[in-house]
Amino acid sequence: MKYFFITGEISGDLHGAYLINELKKHNKNIKVYGVGGKNMENEGVEIIQDISELAIMGFSEVIRKYLYLKKKANDYIEFIKKNNIKNIVLIDYGGFNLRFLEMIKREIKDIKVFYYIPPKLWVWGKKRIKKLVKSDHILVIFPWEVSFYKQYNIDVIYYGNPFIDKYKIENKDELKHILLLPGSRDQEIKKIMPIYIDIIKSEKDKNFIIKFASEKDKKNYIKIIDKYSNVSICDDKLEALSKKAKLAIAVSGTVTFELALLEVPMVVVYKASIINEIIVKLFIKLKYVSLPNIAMDEMVFPELLQKKCNHKEILKSLDYIDKNYNFLIEKIKTMKKNMNNSDIMRKYSDFIVENSIK
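One point on numbering: in the working numbering, the residue at position 300 of the sequence shown is 309, and numbering is uninterrupted.
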């Protein structure tokens, strides 16, 4: 069997790699092509385009890159036709993948599309549900998504969140560091890094670890970071870093949920461009923006967005987390217990194999 995967973000690349690893347990001869990153490549995927060339953020960036992305979609469809690929797996990346879904269903009739981890339409994209249902199967990883789609009479597949299986808490080292995660998209990093650097400069008595999402980002900031003795750049995986970090400051995204599963309390931060901020205010009506808070339906971790995302507010929130550390850890453990399941990734891969075109 042949599969074509498309994701455009680092979190999707990680999810894709986990899924491909499990798919190959069914059949070592499964051939996977796709748009992804290093994690998928390490699982033997023939990468036809790296995600670093596709990273976009927000509404305005999607509009600016519309023609470029449309050309890429056509290129992928031609590749799929040429290689007679019958099974497509789309992972998140709604700004591109929903449009691609429409195009490929129009171009190729005999094809199966699995949308694994659909974009967060329950946040602001309800009008795009009509596009999503063109998928043959929708596989979700959060429990509240089941009830969301049910109100539209859409059946989805839900077995749990794969990270719950993946991340096992072991004995931690001496927890004395604050972990800084500046995001994976250029616009995020440009907005957040000056604030992180101000915090590093002012808090000389604290020890920081910073993890960049790519080598390119690390190269852009390594000379600045090297000026300060209380911070180090670390390339370790998040699981390893969680054994050193007592607290974290993280840009809102999938990584916040990973931190919660790894029992690292955090301050959630986010800054968007002015245009994106205006559009978000018009369309998004959510109590919380971070996945852990949504999962717990409670403001457990401070969320500092836009103007509140500043040096002073972040330090105040770090102090709150430090003083309430044990309470927050218990909150995380309760969340994990409520979402617990087993063999989650195996169940998703079983479903995909059983429903693929052979």
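Since the hints were made in silico from the structure, they are not lab data.
Glycine included, every Cβ here is placed at the ideal spot set by N, Cα and C.
The reader is advised that the hints may include incorrect statements.
Cross-link-like lysine to aspartate or glutamate pairs, in silico, EDC-like; alpha carbons within 16 Å at most [as the list claims (entries may be wrong)]:
1. K80 to E62
2. K91 to E62
3. K47 to E224
Here are the computed distance ranges between Cβ atoms for each label pair [what the hints assert, rightly or not]:
4. E363 to M308: 19 to 29 Å
5. E87 to K185: 51 to 61 Å
6. E87 to Y329: 25 to 35 Å
7. N216 to N333: 34 to 44 Å
8. K135 to K342: 47 to 57 Å
> Against the structure shown, which of the earlier numbered hints fail to hold, in ascending order?
Replying inline: 2, 4, 6, 7, 8
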